Amino acid sequence: MGSGTPVGRVRGLGSAKHGTQHWWQQRLTAGANIFLMAWLMVAVARMPAYDYASVHLWLQSSWAAIPMALLILSVFYHFRLGLQVVIEDYMHGESRVVTMILLNLFTFTLGGIALFAILKVAFSGAPA
Amino acid sequence: MASRNPARPLSPHLQVYKWGPHMLVSILHRATGSGMATVGSLLLVWWLAAIASGDQAYATFVDVFTTDAGGLNILGYVIGIGLTWSLLQHMMTGIRHLVMDTGAGFELKRNRMGARATILASTLLTVAFWLYMGMK
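Heads up: the sequence lines are chains A and B, in that order. Under our numbering, residues 1 to 128 are what the first sequence spells out, in order. Under our numbering, residues 1001 to 1136 are what the second sequence spells out, in order.
Check the hints yourself; a few may be wrong.
In silico SDA-like pairs for lysine to any residue, Cα to Cα no more than 20 Å straight-line [as the list claims (entries may be wrong)]:
hint : chain 1 : residue 1 : chain 2 : residue 2
1    : B       : Lys1136   : B       : Leu1125
2    : B       : Lys1136   : A       : Ala45
3    : A       : Lys120    : B       : Leu1042
4    : B       : Lys1109   : B       : Tyr1017
5    : A       : Lys120    : B       : Ala1049
A few chain A residues facing chain B, derived, Cβ under 8 Å [stated by the list, open to error]:
hint : residue
6    : Gly82
7    : Leu83
8    : Ile113
Partial chain B-side listing against chain A, Cβ under 8 Å, derived [claimed, not checked]:
hint : residue
9    : Ser1034
10   : Leu1048
11   : Ala1049
Hints are computed from structural coordinates only; laboratory data are not their basis. Quantities reported herein were computed from a predicted structural model and do not represent experimental measurements. Built from N, CA and C at the ideal position, the CB exists for glycine as well.
Please model the entire structure based on the sequences and the hints provided.
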């Protein structure tokens, strides 16, 4: 990086003014995902049963709803960043722009549905 | 965008290199990540939405992956074991990437060992997970 002010170089800002943001946030969410996905695997494995009533009761608890909502945020942000890199590698020109918009639509639509579903179950009235 | 001449010579690409475990886990990281981001996230959200929608919607979800007797059907096993292994493989190669981000583990021998270790760990953990599920 030859250009820019000294403080700009220290902050790692390149020509796009985002510096290492994408790279760093991918690592931060990766670290969070290790714990969140480990929790999900253990939680699913330890569920007493997988019928509707049991699973609904499980997700109603704050101990499941909160980590599940955090998992959606962290995992979805992580795969949004990851698929962006994949798209940048294989798609060029106009199709890259279109795919990138579709990726954002996919991520936000699914993420919105997931968060709403979790909150709906969590707030559905049984004792926590 | 500059016009492309398809006849112009290309530099040597992947096919000139001898395959090694580091290349395998590198592409596996991308493949498992892309697979989970699409198929995995769709199924996770379908599951959550089905729980929120009620027992009929949940029954529809469960019905796709189970037999009438209650156990998993072939699709249930393929998706279940496939996603478990994908998650664990991506997690193990991800941890390997975090280690390599610190500048460690680039020596040929250690790098190869690390790459092999991710496959061994993800496979053993997948077997352990499904043995536990089977013994419940």
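Here is how each hint holds up against the structure:
| no. | hint | in the structure |
| --- | --- | --- |
| 1 | Lys1136/B / Leu1125/B | holds, 17 Å |
| 2 | Lys1136/B / Ala45/A | holds, 9 Å |
| 3 | Lys120/A / Leu1042/B | holds, 19 Å |
| 4 | Lys1109/B / Tyr1017/B | holds, 18 Å |
| 5 | Lys120/A / Ala1049/B | holds, 9 Å |
| 6 | Gly82 | holds, 5 Å |
| 7 | Leu83 | holds, 5 Å |
| 8 | Ile113 | holds, 5 Å |
| 9 | Ser1034 | holds, 6 Å |
| 10 | Leu1048 | holds, 4 Å |
| 11 | Ala1049 | holds, 5 Å |
The structure fails none of the hints (numbered hints given earlier).
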